[in-house]
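Undergrad: Please model the entire structure based on the sequences and the hints provided.
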Amino acid sequence: MPTAAPNPAPKPKPAEPVQGSCGTVTAASGLTLQVLNGPGVSCADATGIVDSFHKRIAGRQSAGSDEPVSETVDGWLCVSGAPAAQGGTSCGKGEQNVFAAVVPVE
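Just so you know, the sequence shown maps onto residues 4 to 109 in this note's numbering.
It is worth saying that the hints were derived from the structure and are not from the lab.
Please note: incorrect hints may appear among the correct ones.
The calculated EDC-like cross-link candidates involving lysine to aspartate or glutamate, where the alpha carbons are at most 16 Å apart (straight line), are [stated by the list, open to error]:
hint, residue 1, residue 2
1, K58, D77
2, K58, E74
3, K96, E74
4, K96, D77
5, K96, D48
For each label pair, taking beta carbons as the anchor points, the in silico distance ranges come out as [stated by the list, open to error]:
hint, residue 1, residue 2, range
6, G43, A66, 29 to 35 Å
7, V106, K58, 14 to 20 Å
8, K96, S24, 17 to 23 Å
9, V106, P71, 14 to 20 Å
10, R63, P42, 28 to 34 Å
11, E70, P42, 29 to 35 Å
12, A47, G97, 16 to 22 Å
13, C46, V82, 16 to 22 Å
14, G43, V108, 30 to 36 Å
15, S24, E98, 17 to 23 Å
16, S65, E98, 30 to 36 Å
Note that the structure is predicted; figures quoted are calculated from it, not measured.
C-beta atoms are modelled at their ideal positions from N, C-alpha and C, and glycine is treated no differently.
TA: This is the structure:
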């Protein structure tokens, strides 16, 4: 049974964001992150948390770093994975979670 690779999906237009996607922020390492909100977290809050976290850790994580960095922001514990491994960011507070994935450079 032959398997055909699916056609790549067209890039979403800004007016039609990917489901769960809240836009992008620039990480402390300079990489671009796509913010994804979890249940019960608005896009504005999710983006604000990730943006505040990366501003707080500015200068502590270079793009070639192999080390994660964590910090608490407004009661959210955030961790930025190693940029050298394309590590994203995750933030959690109680049952709420926010994630930000590294946008691949094209």
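Undergrad: Can you give the numbers of the hints that this structure goes against, from lowest to highest?
TA: none
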